[in-house]
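Number of protein chains: 2
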Amino acid sequence: MMRPGARQYVVSRPLYSEDSFAEEHEKIYRHRKTIFEHFRQYFTCDAKRAKNACLSLLPIIGWMKIYRIKEWLFSDIVSGVSTGLVAVLQGLAYCLLASLPPWYGLFSAFFPVVIYFFLGTSRHISVGPFPVLCLMIGSVVTRLVPDEGPPANITGFEGLTRDEQRVLVACSVTFLTGIMQLTMGVLQVGFAVMYLSDTLVSGFTTAAAIHILVSQLKFVLGLTVPGISGPLSIIHTLVIIFGKIPSSNVCDIVISLVIIVVVFIVKELNDRFKSKLPVPIPIEVIMTVIVCGISYAFDFRKRFGVDVVGHIPKGYESPMPPNLHIFQEAGVEAFPMAIVGFAVAFSVAKVYSVKHDYIIDGNQELIAFGVSNIFGAAFKSFVASTALSRSAVQESTGGKTQVAGLLSALIVMVVTLAVGFLLDPLPKSVLGAIVIVNLKGMLMQVGQIPYLWRRDKPDCVVWLGTCIASILLGLDLGLAAGLGIELISVVLRTQFPRCSLLANIKGTDLYKDRKDYINIYEPEGVKIFRIPSPLFFANIEFFRNKLVEAIGFNPLRVLRKRNKALRMIRKLLKKGDLQWTSKGFLNTSCGPIKETEDEDNTDDLDLPIDFKDLPVQIDWNADLPANIIVPRVDIHSLVLDFAAVSFLDISALKGLKTTLRELIRVDVEVFIVACDTYILEKLYGCCFFDNEVQPSTFYLTLHDAMLHILEKHPESTEKNLGNDRIRTTVTVPNPGGGVRSRERNVCVTTSIYTVSVIFSSAHY
Amino acid sequence: MMRPGARQYVVSRPLYSEDSFAEEHEKIYRHRKTIFEHFRQYFTCDAKRAKNACLSLLPIIGWMKIYRIKEWLFSDIVSGVSTGLVAVLQGLAYCLLASLPPWYGLFSAFFPVVIYFFLGTSRHISVGPFPVLCLMIGSVVTRLVPDEGPPANITGFEGLTRDEQRVLVACSVTFLTGIMQLTMGVLQVGFAVMYLSDTLVSGFTTAAAIHILVSQLKFVLGLTVPGISGPLSIIHTLVIIFGKIPSSNVCDIVISLVIIVVVFIVKELNDRFKSKLPVPIPIEVIMTVIVCGISYAFDFRKRFGVDVVGHIPKGYESPMPPNLHIFQEAGVEAFPMAIVGFAVAFSVAKVYSVKHDYIIDGNQELIAFGVSNIFGAAFKSFVASTALSRSAVQESTGGKTQVAGLLSALIVMVVTLAVGFLLDPLPKSVLGAIVIVNLKGMLMQVGQIPYLWRRDKPDCVVWLGTCIASILLGLDLGLAAGLGIELISVVLRTQFPRCSLLANIKGTDLYKDRKDYINIYEPEGVKIFRIPSPLFFANIEFFRNKLVEAIGFNPLRVLRKRNKALRMIRKLLKKGDLQWTSKGFLNTSCGPIKETEDEDNTDDLDLPIDFKDLPVQIDWNADLPANIIVPRVDIHSLVLDFAAVSFLDISALKGLKTTLRELIRVDVEVFIVACDTYILEKLYGCCFFDNEVQPSTFYLTLHDAMLHILEKHPESTEKNLGNDRIRTTVTVPNPGGGVRSRERNVCVTTSIYTVSVIFSSAHY
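Which chain is which? The protein sequence lines are A and B, in order. Sequential numbering of the first sequence, starting at 1, is according to my numbering. Sequential numbering of the second sequence, starting at 1, is according to my numbering.
Source of the hints: derived by calculation from the structure; they are not laboratory data. Only a predicted model underlies this, so the values are computations on that prediction, with no experimental measurement involved. For every residue, glycine included, the Cβ atom is placed at its ideal position computed from N, Cα and C. Careful: at least some of the hints might be erroneous.
[What the hints assert, rightly or not] Keeping only pairs whose Cα atoms sit at most 25 Å apart, straight-line, the calculated DSS-like set for lysine-lysine is:
| hint | chain 1 | residue 1 | chain 2 | residue 2 |
| --- | --- | --- | --- | --- |
| 1 | A | Lys-546 | B | Lys-302 |
| 2 | B | Lys-70 | A | Lys-564 |
| 3 | A | Lys-48 | A | Lys-27 |
| 4 | A | Lys-457 | B | Lys-70 |
| 5 | B | Lys-27 | A | Lys-546 |
| 6 | A | Lys-457 | A | Lys-561 |
| 7 | B | Lys-575 | B | Lys-564 |
| 8 | B | Lys-244 | B | Lys-302 |
| 9 | A | Lys-682 | B | Lys-546 |
[Stated by the list, open to error] Label pairs and their computed distance ranges (CB to CB):
| hint | chain 1 | residue 1 | chain 2 | residue 2 | range |
| --- | --- | --- | --- | --- | --- |
| 10 | B | Pro-313 | A | Ile-629 | 32 to 40 Å |
| 11 | A | Ser-248 | B | Ser-318 | 56 to 64 Å |
| 12 | B | Val-446 | A | Asn-153 | 42 to 50 Å |
| 13 | A | Leu-492 | B | Phe-74 | 45 to 53 Å |
| 14 | B | Gly-441 | A | Leu-160 | 56 to 64 Å |
| 15 | A | Gly-447 | B | Tyr-29 | 57 to 65 Å |
| 16 | A | Ile-629 | B | Pro-319 | 49 to 57 Å |
| 17 | B | Gly-441 | A | Leu-477 | 44 to 52 Å |
| 18 | A | Ile-61 | B | Glu-549 | 33 to 41 Å |
| 19 | B | Pro-319 | A | Leu-160 | 37 to 45 Å |
| 20 | A | Glu-715 | B | Arg-40 | 44 to 52 Å |
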C-alpha cells in the first residue's frame, strides 16, 4: 500500500513514441459524423424535438409555468405601472428624434411589447423605442421626406400629407428591419452573439448611454436642436447645444435639476433600504404626477415658455401595408438598424439574465424582435428595441417577468385611448431628466477601465476602442469597429507567443523554462523549444524567427553553405587540388585555394546533401579541407513541445514542414512531443509526412523523447554522468517513510539520465 | 548504465503541486521590461542602430553589395527591355481605364519606378500602373470631372481644359495616397501584413486576375466599354461586353487569339527547356514588334477599323502642386487606394520573395510606395502599385533585381522622349492579349480550392470568401471582407473545442480520451476534463456547457437544491416535525411532510452551504430526512487539463472562476494541471484566488494530481485494487534485459495506483 505522506511519483513503463504507443494500445474506431450527417440530424424531427422547438418558440410557456403569483405579481404590477408611465413619456420624447408626430411613439410602446410578451426570452427588458434607432429612422425619414423641398420620387407618396409620408417611410423601414431580424433568427445566426463579449457589451452600452445623455440634453435645457445622425453626429449635436446654451430655458433647467437630484437620492435610498422596503418607492411616477400638476396649475407653458408634451389624439389608426419602393431606397440603412436594435436589446438582456440567472436565446430574441417589428410596422409603430433607461426602470422597480412589460403596454393603451389629455401640460424636461438619472448604472461602467487595464490590457483596449468608436462613429459603425478590434485582439494574443527553451528539472521528468530555474539540466546537443500558442498564419513567421534565434543558426543558410562547400570539394577533387587519403583530405595544391565565384544555378543549394561520388561522408563540425568554412551546428536533436498548440492552419502547416525539412537536411533530428491527437490526424490527412519528415518523430511526452535522444546519443550526458554516478549511492530514499527535505534534495540534483540509471540497475 | 534496447521510462520523484514545486525549486527573479522600457529601448539610438536604420531605409545598398554582375546583369537587361516594352504598352492601356489621355500612363511607368529602385525591398515586382487602381482613379476623375455637364465646384479648376482638370484630380489623389502610405510606413503599421495569410493573398490575387481579365476583354474584342467601379462593377462590365459582342472587331479577335496562343506556347517551351535556353525567348517583345510592323504595313487602323495606340506627344511636362480642395473631396476614396495599392504590391512581392528566398519589409515597402507616389504625383503620374502581369513578365524573363525595373523605366523614357511615334500603329488588342496570357499563373491558383477543402475547411472558406468578395465587391471592400472572414476563422477554430474526458492508460502515467482506448482505467468519483484550446469570450459558455455535460450535473442547480433542502430541514427542526437522534434524523410528524412553497428571497441560494446551527453535517448522497430529494453528485474530484490553454481573457477568467466556485460549493475538489506559467502569474495578478478558489488546486502534471487524489480518496480504487494486487506479482519486469511484448502487456494492464504500489513497496 502507498503510505500516506509518502507523496512519491513513481512510474515505470515502456518508452513510447506515438508510433509504438499506437502499436501497443489499439485505438477504438469511432465513426465521426460528416457534415451531411450533422445536417440530417439537425433537421430530423420527432415528437420530443417538435415539442422542444414549440417551447423554445413560445418562451412564455416556460416562464408562465414557474410564475409565482404571490411573490411576483405585485412586483410586476408596480413595475408595469412605473415602466408604463416612463414608456409613455419616452415614447413621446423619442418620437421627436425620429421626426414624426409624437403620438406614434405611443404605438411603438404598445404593439411590439404585446408580441414580445409571447415570444421574448428576456424577462426584464422593456421593449419599445430606442433613441439611437429613432435617430437612425429620423435620418432616413428626413432624407426621403425633407423639411423643405419636395419628397423623394416614390410611388405611393401621392395624395399623402408630409406627416403621412414620413410615417409611411418609418413603417416600411421598420417592416424591412423586422424581416431581416426574423430571417437571421430562422437561419440561427444568433450564435454570433457569442462574439459580443462582456467587455464589448460594456463598452458599447456605455457609449450608448452617452448617446442617450446627449440626445436628452436638449429637453433638459429646453432647446430646439435638429436630429443629426451619422459619424461624429454627437460632436455636431454638442456643438449646436453649447452654441445655444445662452438661450436655454431656466425653468426647464430648474425642473430637471430638481427631478434629477430627488430621483437620484430616492433611488439611492431605495437601494440602501432594499430589505426594509416592501417595494421600491416609484419616485419617477410620483415626480411626474407632481410636476404635471404644478405645470397645469401655474400654466408653465405660457408663463415660462416651457416645452410641454401637448395635444395627443385619441385612439389607434387603421393598419397599413409597407411600401416596396421604400424597401429599395432604404435597404442599406435597414440592415445596421436590424443589427443595432438586436445588439442593444440582446446586450441589455444579457446583463439582466446574468444578474437574475436565467437563459436567453439569441435566435429566439431575433425571431421575437423580427415578428414584433413586422407586426408593429403594420400598425404604424416604428423599430422596437429596448431603451436602456426604461429597462432599468422596469428592473429596478421590481419587474420579475414580461407581465410587467404587458402591464406597461396596457398603461400606454389607456393613455392612448383615454387619459392622454392629462399629459398635455407635462414639461418635456421631466422626461429628459428621468431618462438621464436612469443612465447612472450604464455610465458607471466607465469604472471598468482601470480594472481592465490592470488585469488584461487587450481587453481594456477592446473596451476603449468599442466605446470610443461607438461614441464617435455612431452605434452601427462603432459596433462593427468594436467587433473588428475584438477579433484582432484574439489574434494579437497569439501573434507574439512567448516561446521558450526548456530544460530538465534535475531528478525529475519535468521540464521548465531554463531561464527560470537554477537547478536545471540541459543535455549537450539537445534543445527543447516550447510553443505556447496555436500556430497559424499570423505567427508562423514569428515562430520560425524565434526558433532560429533559439537554436543559434539558420538551417537554410547552413544547408546552402554546406552544399556550396560540397560543390567546391567535388571541384577540387576533380581538379586534383585535393585528395582523399586514409588520414582524411589532403590539400595537394601549393598556395591557399581561392574561393571561386559560383556561376551555377543556385536552386539546387536547397536540396538535401548528397555524398554520393565522394569517398567519405564529411563531418561538418570538424575542420574542412582547403580552409572551407561552414557554420557549426552544435545540436543533434531538437524537441518541439506542442502541448499548447491547439490548432494549425495551412500556412502554419507549410511553414512548419519547411522548417522541419531544413533542420533534417542539416542533420538535426526533430522530435515533436505532446501533440494533440486531432492535430496528428490532420497532419496525416494533409500529406504532411514524406520520406524526410516522418511520423516517427512524434513522441508522447517530452521525457519520452528525451530518454530516446539520450539513449541514441550517450555522449550527450557523459560529462554529467561522471559527477552524478557518485551521488546515485545516496539517492535510494529512506525506507522508513516519506523521502523528506534533505534526502529528497539530493535526489533532485541528479540528472534525468541517472534517474533512469538508478531504476534500471535497481530492477533489472 | 542504461541498456540499449531497454527503452524503459522510469521515474521516481516527489509528488508536486505547483505550490510544493515552487517551494522546493527556487525561481530566478527575472526583470520583465515594462511597456515604457520597451518604448525607450525602441527609440534608443546608437551608431549601429542608426546604420541599420539607414540600410533598411535604402535597401538598394544591401542588394547592390551582393550584385553579381557577370550572372545577373544580362538577365536584368533582357528582363528590363521586355518589361519596359510591356510597361509602355500597359501604361497606354491602363491610362484609358483612368479616363485620362494615354501618355500620362507612360509617366506613371517611369517616375515611381525610379524612386522604388532606391527604396523598395522587392527585387522582382514591376512598379507602375495597376489596372484596378486605374479604375478607382477613373471613378474619382469622372465623378469630379464628368464626361458631360460642368465639373465639380473646385478652386483651381478655373482656366483648365477638361483633360487638365482630370490630370489635376488624378495627381492630387495620387499625392494623398502617397502621404497615407508614407504615414503608415513611418508608424510601422506594416506589421499588419502578417494578417495577409498565404490563403488570403491567393484568393485575393486570383480575384484581381479576374478583374484584370475582364478589364482587358474590351481591348481583345475591340469594343468600347465605359470604365465602371464600385461593388458589382465586374457584373455590369460583363453585361455591357456581352451585349456588345456582335459588334466586336474580328481583326482584333484574330490578332488577340494568335498572340495568346503563340505567347502561351512559347512560354510553355521556355519553361520546359529552361535549363537549355541561355535566356527565355522574349516572345512578347517579338510579337509586339511583328504585329506593330504588320499593322503599319497593312494599315490595320483604316482597313479593319482596329483601335490603335495613336499619337503620343514627345517629352515630359513641368511639375505641378496637388490641389488641397481635391484632398477634401476625394479623401475617403484615397484610403482604400492606398491600402489596395500596397496590398496588391506586397502580396505579389511576397510570392516572389518566397520563390527567390529573400526578405521583404512591409514598412519599408509602404515608405517606398509612399515616396514614389508623392514624387510621381508632382510629375503628373498616377497611383503606382504593381501590375501582376507586368511583374510576371519581369520575373519570368529573368529579372534578378530592380536594375531590371530601372532599365524598364529607361525604355519607357526613350519611348516618351524619342520613339513614341513608332507605337502609333500598334493595335490595343495586342496589349490586352499579352496582359491576359500573363495572368495564367494567378488564375491557376483556382486549383488550390480542392486542395484546401480536403486539408483544412476553414482555410478553404477564407480563400473562397476573399476571392468571391473581391470579385463582386471590388478589391477594396473584398480585401476588408476577406480580412474579416480570416479573423473570424481564427476565432471559429477555437470556438467549439473538442473537449474530452480523459482516462488513465493502465500501468502508465499517460492519459488519453476515454472513448479512444479499451484498456483504460477511470478511478471512481474522479473526472478528468481536457480543454484543447485557449479560453476566451467566444468559447467560455461552450466550455461551461460541455463541462456540465461531462460531469453529469449542473453545480449551480445542485447548490440551490441543497440550500433549499437545508432551509427546509431547519424549518422542520424548528417546528419539531424533525428531530436529530444518534441514529440520524427522525421524522416525528405523522403524515408525509408537504413541501412548502418558498417565499423568501432566493438570492442566498447561491451562497456556500452553511451547516452551523445544525446538529450534524448532511451527507448529500445518502437518503435525506422527510423525503427531501437533491440530485446526487457522483464525483468528489475534477481535474481540468489546461495543457493546451494558451491564453485566458477577462470573460474566460470570470466564467472559469464562477464555475470553480460553484463546483467547490457542491464539495467537488477541482484540480487544474499543466497550467502555463504565464497564465498562473496572470491569475495571481487578476485576484483570481480567494478563500474558496485557492492556488493549491494547481498541480504540475495530470498524474501528480491523480496520485494526490487517489491518496486522499483511497476508496476510489479499492474495487480495482483487489483485482490488481494479484497481478502486481508479475509486473516486476524481466531482469535480463528489455521488457518485451508479453511481459510488458501484463505490466500495462495494472492500474495507475498499483504502479505506485509496486515501486513504493520495492523501495521503502
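Going through the hints against the structure:
Between Lys-546(A) and Lys-302(B), the direct Cα distance comes to roughly 65 Å. Violation of the 25 Å bound is thereby established for this hinted pair. Between Lys-70(B) and Lys-564(A), the direct Cα distance comes to roughly 19 Å. Compliance with the 25 Å bound is thereby established for this hinted pair. Distance hint between Lys-48(A) and Lys-27(A) is unfulfilled; the C-alpha atoms sit about 35 Å from each other, more than 25 Å. With a CA separation close to 55 Å, the supplied pair Lys-457(A) and Lys-70(B) exceeds the 25 Å bound.
With a C-alpha separation of about 23 Å, the suggested pair Lys-27(B) and Lys-546(A) falls inside the 25 Å cut-off, and the hint holds. Annotation: proposed proximity of Lys-457(A) to Lys-561(A) is violated, straight-line Cα distance about 44 Å (limit 25 Å). For the proposed pair Lys-575(B) and Lys-564(B), the alpha carbon gap of about 17 Å is at most 25 Å, so the pair holds. At roughly 21 Å between alpha-carbon atoms, Lys-244(B) and Lys-302(B) fall within 25 Å of each other, so this suggested pair holds.
As the CA atoms of Lys-682(A) and Lys-546(B) are separated by approximately 23 Å, the hinted pair is consistent with the 25 Å bound. Checking the proposed 32 to 40 Å range against Pro-313(B) and Ile-629(A) shows it is violated: the Cβ atoms sit about 59 Å from each other. One distance hint, 56 to 64 Å for the beta-carbon pair Ser-248(A) and Ser-318(B), holds here, with the actual separation near 58 Å. Between Val-446(B) and Asn-153(A) the beta carbon distance is about 44 Å. The supplied range of 42 to 50 Å therefore holds.
Checked against the hint of 45 to 53 Å, the C-beta distance between Leu-492(A) and Phe-74(B) comes to roughly 47 Å, which is consistent with it. A hinted range of 56 to 64 Å holds for the C-beta pair Gly-441(B) and Leu-160(A), which are about 60 Å apart. For the hinted restraint 57 to 65 Å between Gly-447(A) and Tyr-29(B), the CB-CB distance of approximately 33 Å leaves it violated. Ile-629(A) and Pro-319(B) have their C-beta atoms about 53 Å apart, which keeps the hinted 49 to 57 Å range intact.
The beta-carbon spacing between Gly-441(B) and Leu-477(A), approximately 38 Å, falls outside the hinted interval of 44 to 52 Å. In this structure the hint that Ile-61(A) and Glu-549(B) lie 33 to 41 Å apart at CB is violated, the actual value being about 25 Å. In this structure the supplied range 37 to 45 Å is violated for Pro-319(B) paired with Leu-160(A), their Cβ-Cβ distance being about 58 Å. Separated by about 45 Å at the C-beta atoms, Glu-715(A) and Arg-40(B) satisfy the suggested range of 44 to 52 Å.
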